[in-house]
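A.B. asks: The chain contents come next:
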Amino acid sequence: MTTRLSMVSFRTAVHNDWCPGCGDFGILSSIQMALAELQIEPSKAVIFSGIGCSGKTPHYVNTYGIHTLHGRSLPFALGAKLANPTLTVLAVGGDGDGLGIGAGHFVNSGRRNVDFTYIVFDNGVYGLTKGQASPTLARGLKTKSLPRPNINDAINPIAIAVTAGYTFIARGYAYDTRHLKELIKKGIQHKGSAFIDVLQPCPTYNDINTKEWYGGEDRVVEGKPLPRIYKLEDEGYEYLVNSADPEEDNKKKLQAISRSFEWGERIPIGIFYQNPHIPTYEERIVARTPVYATSPPAIQPIAGKSGRPLAVIDEIMAEFMV
Amino acid sequence: MPSSKISWMIGGAQGTGVDSSANIFARAAALSGLYVYGKREYYSNIKGEHSYFSIVMSDAPVYSHLDEVHLLATFDSETVVRHAWEVVRGGGIIYDAMAVGEKITSIPTLEKIVSERILTKLSREGLGETVGDVLEVAKRAGAALYPIPYMEIIKKLAEATGEKQLSALSRMTNVLAVAASFSILGLPFKSLEEAIGQIFKAKARVVKSNIEAARITMEYVTNKFLDTFPYRPTLRPTRKPRLLISGTSSIALGKIVAGCRFQTYYPITPASDESVFLEDHDTFTLNMEDYPHLQEVSELNGHGGVVVVQTEDEIAAVNMASGAALAGARASTGTSGPGFDLMIEGLGFAGMNEIPLVVTLYQRGGPSTGLPTRHEQGELLFSIFGGHGEFPRIVISSGDIEEAFYDTIKAFNYAEKYQLPVIHLVDKALANSTMTTDVFDRGRLNIERGRLFTSWDASKGEYKRFAFTEDGISPRTVLGTTNGIFWNTGDEHDEYGHITEDPTLRDKMMEKRMRKLETADAEIPESERVSIYGNPDAPSLILSWGSPKGAILDAIADLEHEGLHFAFAQIRVLHPFPTRFIQTLIPSYKKTICVEQNYSGQLMTLIRARTGHMIDHLICKYNGRPFSSTEVKNALKEVLFKGTARVVTRAGA
Numbered sequence: 001m002t003t004r005l006s007m008v009s010f011r012t013a014v015h016n017d018w019c020p021g022c023g024d025f026g027i028l029s030s031i032q033m034a035l036a037e038l039q040i041e042p043s044k045a046v047i048f049s050g051i052g053c054s055g056k057t058p059h060y061v062n063t064y065g066i067h068t069l070h071g072r073s074l075p076f077a078l079g080a081k082l083a084n085p086t087l088t089v090l091a092v093g094g095d096g097d098g099l100g101i102g103a104g105h106f107v108n109s110g111r112r113n114v115d116f117t118y119i120v121f122d123n124g125v126y127g128l129t130k131g132q133a134s135p136t137l138a139r140g141l142k143t144k145s146l147p148r149p150n151i152n153d154a155i156n157p158i159a160i161a162v163t164a165g166y167t168f169i170a171r172g173y174a175y176d177t178r179h180l181k182e183l184i185k186k187g188i189q190h191k192g193s194a195f196i197d198v199l200q201p202c203p204t205y206n207d208i209n210t211k212e213w214y215g216g217e218d219r220v221v222e223g224k225p226l227p228r229i230y231k232l233e234d235e236g237y238e239y240l241v242n243s244a245d246p247e248e249d250n251k252k253k254l255q256a257i258s259r260s261f262e263w264g265e266r267i268p269i270g271i272f273y274q275n276p277h278i279p280t281y282e283e284r285i286v287a288r289t290p291v292y293a294t295s296p297p298a299i300q301p302i303a304g305k306s307g308r309p310l311a312v313i314d315e316i317m318a319e320f321m322v
Numbered sequence: 001m002p003s004s005k006i007s008w009m010i011g012g013a014q015g016t017g018v019d020s021s022a023n024i025f026a027r028a029a030a031l032s033g034l035y036v037y038g039k040r041e042y043y044s045n046i047k048g049e050h051s052y053f054s055i056v057m058s059d060a061p062v063y064s065h066l067d068e069v070h071l072l073a074t075f076d077s078e079t080v081v082r083h084a085w086e087v088v089r090g091g092g093i094i095y096d097a098m099a100v101g102e103k104i105t106s107i108p109t110l111e112k113i114v115s116e117r118i119l120t121k122l123s124r125e126g127l128g129e130t131v132g133d134v135l136e137v138a139k140r141a142g143a144a145l146y147p148i149p150y151m152e153i154i155k156k157l158a159e160a161t162g163e164k165q166l167s168a169l170s171r172m173t174n175v176l177a178v179a180a181s182f183s184i185l186g187l188p189f190k191s192l193e194e195a196i197g198q199i200f201k202a203k204a205r206v207v208k209s210n211i212e213a214a215r216i217t218m219e220y221v222t223n224k225f226l227d228t229f230p231y232r233p234t235l236r237p238t239r240k241p242r243l244l245i246s247g248t249s250s251i252a253l254g255k256i257v258a259g260c261r262f263q264t265y266y267p268i269t270p271a272s273d274e275s276v277f278l279e280d281h282d283t284f285t286l287n288m289e290d291y292p293h294l295q296e297v298s299e300l301n302g303h304g305g306v307v308v309v310q311t312e313d314e315i316a317a318v319n320m321a322s323g324a325a326l327a328g329a330r331a332s333t334g335t336s337g338p339g340f341d342l343m344i345e346g347l348g349f350a351g352m353n354e355i356p357l358v359v360t361l362y363q364r365g366g367p368s369t370g371l372p373t374r375h376e377q378g379e380l381l382f383s384i385f386g387g388h389g390e391f392p393r394i395v396i397s398s399g400d401i402e403e404a405f406y407d408t409i410k411a412f413n414y415a416e417k418y419q420l421p422v423i424h425l426v427d428k429a430l431a432n433s434t435m436t437t438d439v440f441d442r443g444r445l446n447i448e449r450g451r452l453f454t455s456w457d458a459s460k461g462e463y464k465r466f467a468f469t470e471d472g473i474s475p476r477t478v479l480g481t482t483n484g485i486f487w488n489t490g491d492e493h494d495e496y497g498h499i500t501e502d503p504t505l506r507d508k509m510m511e512k513r514m515r516k517l518e519t520a521d522a523e524i525p526e527s528e529r530v531s532i533y534g535n536p537d538a539p540s541l542i543l544s545w546g547s548p549k550g551a552i553l554d555a556i557a558d559l560e561h562e563g564l565h566f567a568f569a570q571i572r573v574l575h576p577f578p579t580r581f582i583q584t585l586i587p588s589y590k591k592t593i594c595v596e597q598n599y600s601g602q603l604m605t606l607i608r609a610r611t612g613h614m615i616d617h618l619i620c621k622y623n624g625r626p627f628s629s630t631e632v633k634n635a636l637k638e639v640l641f642k643g644t645a646r647v648v649t650r651a652g653a
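Listed in order, the protein sequences are those of chains A and B.
Numbering-wise (the working numbering), the first sequence opens with residue 1 and increments by one.
Numbering-wise (the working numbering), the second sequence opens with residue 1 and increments by one.
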């Protein structure tokens, strides 16, 4: 008998020690809701994380949870997924984790298009080490704990994801959980590497890109705040690559990059780009090693009951026989 | 006096077929029934720099190379001027008859320091500055000269084959040198023919023209030179089938048998050959007959497969392998020193989270980029102690190519039984040498997966990945196991894998983890940890680890004939150290000698730390070239007769 899974099925009893009002809570519940709505068996899902506040996420979710090293969640996640492609694999991490120390893995994972979903908790600061500037903080900004204004330029995670080769690219907002949950669901359902950049105000250290700032409370028009955030889908934005034609793909990619530079007065969220026509890494392996399709590494039997190895190497040894 | 071991060397510019000619020669010699040991030396360079291959053959098993060269085969000037000095009295040099007039200073790849060294020697002999002058020195020292008119033979070959492009044929000069060697050594053409067929099997035309080239050359040499070469191997009727295989291929085969189904790597010399070989053999046969009860096997259609992933760096390599291991695959990565440096944080994570992970570490000359294509054993202490904090790991080391195959299976068994990272230490000498060995026997192997649970019975209670147990080993589920959910974190954690900073829990968890090493120490039999060779009743004990084994075995066998006796303990499990065994072994000898290829004597340091015993003598080497049996033999004599505390050997070109 299978019971219907709800958001509660994905909660753990672990005490959550994020700061009150942290954007991370919204991302956490969006993940839990997405998994519940997709009815993914908790024991068939794995969440990988890096280091920082976001790194604790797996401990709060009742699925397999691997809280890895700083910047290294993606290699772990890819290894697990390729060893057992039946798993639903998510990776989560901060912008410092994924775009600073882990930037090499972020870019190179895009080249592979492994079927998994990567969610970045993007708040512009290194929270857990008391608020240093992260790779997405704009130059010249001086958030609360910076002794001097930020000296580095910010990188653009969406544009990088496009050029790196991610095949599903979206941006969510931590305080719009219903919208974010839908993005996560679509990311999980997408066959290939999905990247979701989530704007996540840090109430303790980022006193510039706050919930109020995103909500436009500093610019009241006719008694109402004029929000900075808007949804791409509300403006008829076409993100989907409809054919395997590289020309269409290039057009959609350039469009996504161009939109990703919109910032300040208006900030788009939603799906920037999706291309379902690029083969996944798993499909690429099957093309060269067909046995992978039915017998991936973690599922393949390697020994008989007695423990004798199953692999026979006589044919290979023949190459060396004298 | 003719030796029972004959040493042949071939050299040339990288990219001109030195490797393939050496492979042909080694295979042909082995097919003639000889035992063979081949050593490959090359620069960190793609084309043009000097590389050479030395092959020792004998009618009895041979485990190492010799300093002396009996027959030097060359087809370029650089090989002559670099190696003619190594040829013994009565030995021979094969060279291009046209090249004798070439000036040494015109060889562009000869470093200034080398050419100056050679010119000094020549002027001391009152000679000039050409290749011919170097040959004259060799002749004075008693070497026979075999000038071969390569170009004339190639022209003759062009007539015979109808091939008009001489440049296409001149690519075969290396085979001409091999064939001339075969003739001089009195080895049968039939074996050479067979070896050429096997090496170039994919290209029938290449096979045909190479065989023709070999035939014409052998004919020329037989007619031209007297049949008086004193160093001729003794041929016996062909024995049982054997393998002629390199270290990297042997370990790759070990991984397939061990059930390693996920391998990651980042390109690095000399480790990547293993991964490339695995990728090239990523589908293999499974034995279905023996296992009719295994239903899954029929679904595989009789095949298994390994996934090899080339990652963006070694950090990704180690962590991706850990991810696969968490999912239940036997997983490993292969690397060399600089890559291993980058893997240390990931290794700590595997230790902290009790992930069965195998790292095959091919040591090479360090520190930093060091001598990337040369040999050293510099990472013994690093592989045992590297990393912040303390975590359990097992470090093993193989002494030769055959051992490396069987040790690979052991590495995976230890990793899963004790749920920890295992570092399998090998090195450049083992990786790149080739050796005749017995055919690998999977019949004597067992896969032991330890406390692995493919399902978890919830009625037994909630699953705890890091449950406290007496021996420190907890039941292990893998990602995807129903009722088996767990958490991992690099933070200290509780039995579920959730973060804790509680001091009591920290103590318990630390002790649980480290207890696994005590369990391993108690369970792994001494016979797997130390091998004893030589004469156990001898007054002197040699202690070593890894690839010097071959040179030591050959050296002590020779010294035995001279009436000098040695016992030799090869330590194969370096961590947990076989303390009890070594502690009682050492006092029964008058003299103890460590032989290892590093500057500081890392095994010597380790023995002191683990047993309290001081080792009396150290024979060490760090010039990037592996020990020859010749130099180990001489160094042992120096220790014995002069009592030298530290002997540094410096042979090799």
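Be aware that a few hints might be false.
Computed footprint of chain B on chain A, listed as stretches where at least three residues anywhere in the stretch have a Cβ under 8 Å from a Cβ of chain B [claimed, not checked]: (1) 71 to 78; (2) 178 to 190; (3) 298 to 306.
No lab work stands behind these hints, which were simulated from the structure alone.
Every value quoted in this text rests on a predicted model; they were computed, and no experiment measured them.
Just so it is clear, CB atoms sit at the ideal spot from N, CA and C, and this is done for glycine as well.
A.B. asks: None of the hints should be skipped; say for each whether it holds.
C.D. replies: Here's how the hints hold up against the structure:
1. 71 to 78: holds (count 6)
2. 178 to 190: Three-residue rule not met by the stretch 178 to 190 of chain A, so violated; n is 0.
3. 298 to 306: Contact hint for the stretch 298 to 306 of chain A vs chain B: holds, 9 residues under 8 Å.
Checked against the numbered hints above, the structure violates only hint 2.
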